[in-house]
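Note that the protein sequences, when read in sequence, are chains A and B.
Per the working numbering, residue 18 is the first one in the first sequence, and the count goes up by one each step.
Per the working numbering, residue 37 is the first one in the second sequence, and the count goes up by one each step.
Honestly, the hints are just simulated from the structure, not real lab data.
Where hints are given, some of them may not hold.
[As the list claims (entries may be wrong)] In silico contact screen, one side only, chain B against chain A (beta carbon under 10 Å); selected entries:
1. Y61
2. F140
3. G141
In this text, a Cβ means the ideal position worked out from N, Cα and C, and glycines have one as well.
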Amino acid sequence: EPEVTQTPSHQVTQMGQEVILRCVPISNHLYFYWYRQILGQKVEFLVSFYNNEISEKSEIFDDQFSVERPDGSNFTLKIRSTKLEDSAMYFCASSDGGTGVEKLFFGSGTQLSVL
Amino acid sequence: GESVGLHLPTLSVQEGDNSIINCAYSNSASDYFIWYKQESGKGPQFIIDIRSNMDKRQGQRVTVLLNKTVKHLSLQIAATQPGDSAVYFCAEKDYGGSQGNLIFGKGTKLSVKP
Numbered sequence: 018e019p020e021v022t023q024t025p026s027h028q029v030t031q032m033g034q035e036v037i038l039r040c041v042p043i044s045n046h047l048y049f050y051w052y053r054q055i056l057g058q059k060v061e062f063l064v065s066f067y068n069n070e071i072s073e074k075s076e077i078f079d080d081q082f083s084v085e086r087p088d089g090s091n092f093t094l095k096i097r098s099t100k101l102e103d104s105a106m107y108f109c110a111s112s113d114g115g116t117g118v119e120k121l122f123f124g125s126g127t128q129l130s131v132l
Numbered sequence: 037g038e039s040v041g042l043h044l045p046t047l048s049v050q051e052g053d054n055s056i057i058n059c060a061y062s063n064s065a066s067d068y069f070i071w072y073k074q075e076s077g078k079g080p081q082f083i084i085d086i087r088s089n090m091d092k093r094q095g096q097r098v099t100v101l102l103n104k105t106v107k108h109l110s111l112q113i114a115a116t117q118p119g120d121s122a123v124y125f126c127a128e129k130d131y132g133g134s135q136g137n138l139i140f141g142k143g144t145k146l147s148v149k150p
């Protein structure tokens, strides 16, 4: 069964450093997303991406965040200058462009720890 | 130390029994709902979805019921198995909102006793 894959599974970084979280969405999907989950809290929407541009972003997705689809398979989330409160599990998701456009498939996540 | 974050409701059932997990949503404009299962250390896994023009949908061993009058959603799992132990989230999408921008509930932890 096709799946969304994320790397790395764990990332530890120092406050102020830049991190890039990587995702390979399901190959025939057209819509891509990043969500995050702070420990013990709800899964929160960050950003959606379609046709090489951001479709929507939440208030969390401020100027320190950016997304990119550098090639035909990868989808990345960059956090430019990490803060302690960025520590969370970051999930990538994708969906297809047909009637299942809202049916999101999630990866296993990258656990980001900012020290 | 002080505990921070949400305290998840917990449902404990015996293996083989049926489970019912409930969810209340607040936005009457929501037109699409999904149940996700999240096992420890993993991402949310799609279980079943339902649109607002339906009140019931069945899958394999799972049934979702939607009551728009009281804005209530439930997930029924038949013959619950130890592998069903996980946190279950309902999620909703606002009508007219950007697709893929799902609003997740706080989750219910299901524990299945063998």
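Can you give the numbers of the hints that this structure goes against, from lowest to highest? Number 1 - this is the single hint that the structure violates.
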